[in-house]
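Asks: All chains should be modelled from the sequences, with the hints used to inform the complete structure.
Residue numbers (the UniProt record's numbering), protein chains in the order written: chain A, 1 to 315; chain B, 1 to 315; chain C, 1 to 315; chain D, 1 to 315.
For the record, the hints were derived by calculation from the structure and aren't laboratory data.
Take the hints with a grain of salt, since some may be wrong.
Where chains are identical, the list cannot tell them apart; a pair therefore holds if satisfied intra-copy or between any two copies.
Taking lysine to aspartate or glutamate pairs in the EDC-like style, the calculated list, with each CA pair at most 20 Å apart, reads [said to hold, decoys possible]: (1) 119 to 315; (2) 103 to 250; (3) 246 to 283; (4) 107 to 44; (5) 119 to 87; (6) 125 to 164; (7) 259 to 309; (8) 170 to 283.
There are 4 protein chains.
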Amino acid sequence: MSSRRGFIKQGSILGLAGLVPPVVNAFASTNKKDMQQEKSKWADGSRLVVSISMQFEAGGQPDNAESPFPQNMQPGYIDLPGATWFEYGYKEGIPRMLDNWDKFGVKVTSHMVGSAVLKNPALAKEIVQRGHEAAAHGMNWSTQYTMSYAEEKQFIKEGADAIEKITGTKPVGYNANWLRRGVNTLKILQELGFIYHIDDLSRDEPFIIQVNNADFAVVPYTLRNNDILLIEGKNFSADQFVHQVKMEFDQLYVESATKRRQMSISLHDRIGGTPQMVKAMSELLTYIQQHKGVAFKRKDEIARMALADKTSIRE
Amino acid sequence: MSSRRGFIKQGSILGLAGLVPPVVNAFASTNKKDMQQEKSKWADGSRLVVSISMQFEAGGQPDNAESPFPQNMQPGYIDLPGATWFEYGYKEGIPRMLDNWDKFGVKVTSHMVGSAVLKNPALAKEIVQRGHEAAAHGMNWSTQYTMSYAEEKQFIKEGADAIEKITGTKPVGYNANWLRRGVNTLKILQELGFIYHIDDLSRDEPFIIQVNNADFAVVPYTLRNNDILLIEGKNFSADQFVHQVKMEFDQLYVESATKRRQMSISLHDRIGGTPQMVKAMSELLTYIQQHKGVAFKRKDEIARMALADKTSIRE
Amino acid sequence: MSSRRGFIKQGSILGLAGLVPPVVNAFASTNKKDMQQEKSKWADGSRLVVSISMQFEAGGQPDNAESPFPQNMQPGYIDLPGATWFEYGYKEGIPRMLDNWDKFGVKVTSHMVGSAVLKNPALAKEIVQRGHEAAAHGMNWSTQYTMSYAEEKQFIKEGADAIEKITGTKPVGYNANWLRRGVNTLKILQELGFIYHIDDLSRDEPFIIQVNNADFAVVPYTLRNNDILLIEGKNFSADQFVHQVKMEFDQLYVESATKRRQMSISLHDRIGGTPQMVKAMSELLTYIQQHKGVAFKRKDEIARMALADKTSIRE
Amino acid sequence: MSSRRGFIKQGSILGLAGLVPPVVNAFASTNKKDMQQEKSKWADGSRLVVSISMQFEAGGQPDNAESPFPQNMQPGYIDLPGATWFEYGYKEGIPRMLDNWDKFGVKVTSHMVGSAVLKNPALAKEIVQRGHEAAAHGMNWSTQYTMSYAEEKQFIKEGADAIEKITGTKPVGYNANWLRRGVNTLKILQELGFIYHIDDLSRDEPFIIQVNNADFAVVPYTLRNNDILLIEGKNFSADQFVHQVKMEFDQLYVESATKRRQMSISLHDRIGGTPQMVKAMSELLTYIQQHKGVAFKRKDEIARMALADKTSIRE
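Replies: Structure representation (structure tokens):
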């Protein structure tokens, strides 16, 4: 029972009696014994778990895919410089991020588009060889929620097979294009042997749902700490990214003293892999690693911990 | 008479005589006796009143309501990840903000959408039990200004009844969807026993208007310190929110030395309730509470003070 | 002859001879005698002239004029909260700015829309009585560049007459709606006795043009230091406004050591008059006033200096 | 062989053996001898090469070209204030930047639109006389990728001829309008004697491609450090530009210890030439010049170094 839920019960009585005290410090209100019991909400003793995504998509995009260039190409022509913006993702972006993860000793989850993996197999393989998780992200950039059951199952399977063939590991986690899963997606994932998906923003910790009458983990994703939304969507500068993600960490770190908390950060090859964004992540990692009890984990590790933990939230 | 109005009268004479001095310090120009009389413009001795809104809307939104996701869903499909963005509001957002208000000893006004209250009754009840004001915000997210008189009256009453049924308190304040009241709204509110509304941006202090030949309070709202406008509309980062609201406070605090001033800050469950925004509010509250004479008040308290105060501006 | 033009002549010879030195400091390259001659480019000895605009438009806007609210009103309805956003301009914005100008001893130019003046005559009068310039800004918010000669002449005259009737001063400066003058505007202004207009962004100093075979001053305006463009158009936070305008000042202050330079800042009643923006201007004015030789001037003063100065740029 | 490629080979073996160490510092993993060999990747001993573009386009734009003004001109009218925004580029912008480059001893590449050169020949000439590179940028602002081979060849040649006629130098570098070259562009450039183009974002260093069976250099351009994208497209404030470009430099400077790295910064007459942006560049140049081994180079110098260097990446 979380301290907030405990408060509701207690507060109900006080509130009905008109006795709600004017100042209640949520952290002070728990007695010492509870504090100790709640010291770590993670089975492995971690205080706060941070999970980084490194989406591998470039090379698999359709012609004239959306980029920072004006979206006004005349029909029948290819946006040649736009294509080089995507090339940057595998030529500079992923390699630079890989070096940076090593520098900080961090393992990440790479959701890989199948066609991108086939286009740059050596790089996909290197990601896995350097200790990161290869998770699935569809065969290409198609809209997934409009597919029929059969079509979608093939689409997911093809992408996962490409990853397994190239990297030697079978993906167990999934991320739909723009997070937009359809009504059949989770069933299909369960059938194909996946153990978790990330297309959910509802909580700051993993939770368990029932899919096909069996446990399935949800490892929440983020838009708030997501380079594609912040840098390309909201036009943040790299320093704004640092400020905002640091504030997110500060609050979650405080909360993690008494509650199971997970923080997500998301980066894409051609965006998070620029020098300015890798500098941003270096600043953030330096800052975060100064705090005790923070564990960087791949999402497959988080999903497995959540599935094994009887105290996980179940919906 | 405000010091500015006093100045106009004085200035007119000087101005016509060509005697306007080159530098006039508005604060220096009032003599000591006036300063003392004007020391506090609030009946209860507060120097500056700060009012925080915590809108409770998530869960009551229509399918595919606007979210940070691209607004390009194909017809006939539900935006599943978009829905989880709203779920965050009641699963993480409101609970986190409630803990934070307690930490700082602050009571806020929660404008509650009726259908959101019915969806999450325990949370609505908890808000009230922890000392915050339950104010009305319509039965759902419908556009209100196009409704007929009868339709609108039912819409407002239904929402207020839901709040009363669940929380045990009858709301006395109102906020229309996107502030967009219609020509009948105020009459209906007066008929239904409301004492104030907030859908007005014209002043930095409450004022009294005549509705159905009786006093009705206007407790001004804000767009300048409003998370939905700044974070989702203007794409501010959380640190920009801090900087801007701090600057707003600094100026109003100076003015409050000689004039009745109110500052509004507005937060929504799924936006103001994120870790980064609660961190932002923690920084702001820490800063504001270092200043003498600042009182955090619920809007019902402000409305009652304004209605009781003969010196309130009347329009 | 400006030092840059001097450089061109000198550089041509060196350049053709292949002798362009690798580092040329523009400020070091002028000999001492030139430096002294060029020390002040302003006739009155000022080093840098800063001109602030305080546009007085609110109250004169058409129904449902563009505001921070979503521009999606259904036809046949009035945007009631949108109207209160504009009311803020005369109820809080202009009064607050007036107090601030006095606090810093600064006189500004107020381009006034005729209908706004008629709506709030006491405030228009107060602006003038407190020492500021009343300049013209059309009779209302109509698009001016599509008007016929006769129509436009009446439109400009009506607005100017309203200002003269209410404030007792005849405006000599003009600003078209969104700066968008038409092909006849300048001729009409010259005919009506105006001496300058501001609808030009081409230079950082005033200059003289020929209109109807007579001198007419152009006192350049700004988009870079303009609240409507930065705060409402570009979604800057108030602190960004401070940073950017400070950087503008820093560079112009350096240049003003050897060249005639003018800096413009533009504020609108309902935008520049908010607490956060008045705080922003307080920070800027405090910073600027720490620099020697900076003169704050009304645009009519600048126009008259430029017209009287034989060394003014003439186009 | 770059250290990353070296790592792949080594990592493959370790990875397959399940021996990937948990923390690998990319910089620590190279042995001392390699470090010395790789100390400088640039033939001339530079550690990091920074290349600045100063696009000269204003004066050559079509009527009603896109500007910060609302893009809502009624048909048949000229946007007069919009035109003055462009005039600023040659009246204030380029002259101010030229003085600033001299102050810091920096030579830049100016991609010049042919019609802009013909409009302001003295300024184009001055740019070259002060030591900067005149590169080509088409005859006017036309969309280039839709032209036929013959049409495009004439378009490029005309622009280059204008530059040569006015400045006395034949351009060897090319930049297409909005970087959008067509399928024939590179062939035409090779035929006309150009040695490099910049319309590619795929790498942080120059590389060599084969065009018409001969070497042709690609000197990558930037959107990340580009005033038109950041200031006008993303609505950055000038201080955000400083922060972001500084972060870009920091990361590239670190990488340049072991790898050939080039940093690009791009400025346009009417945007990068404002006081606030020249102040921004002054701050950046001051910061960058405090670092050892950084060389500012014109793009023709970079292209020639890359073409002469056998170790250049060849695609």
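Asks: A separate judgement is required for each hint: does it hold in the structure or not?
Replies: Comparing the hints with the structure gives:
1. 119 to 315: between (39 Å within a copy, 16 Å between copies)
2. 103 to 250: Classified as between: cross-chain Cα gap 16 Å, same-chain 23 Å, threshold 20 Å.
3. 246 to 283: Both: 9 Å inside a chain and 13 Å across chains, each within 20 Å.
4. 107 to 44: within (17 Å within a copy, 38 Å between copies)
5. 119 to 87: Close inside one copy (11 Å), not across copies (38 Å); limit 20 Å.
6. 125 to 164: within (10 Å within a copy, 51 Å between copies)
7. 259 to 309: Intra 14 Å, inter 46 Å, cutoff 20 Å: intra-copy only.
8. 170 to 283: For residue 170 and residue 283, neither the intra-copy (33 Å) nor the inter-copy (45 Å) Cα distance is at most 20 Å.
Hint compliance for this structure: hint 8 alone is broken.
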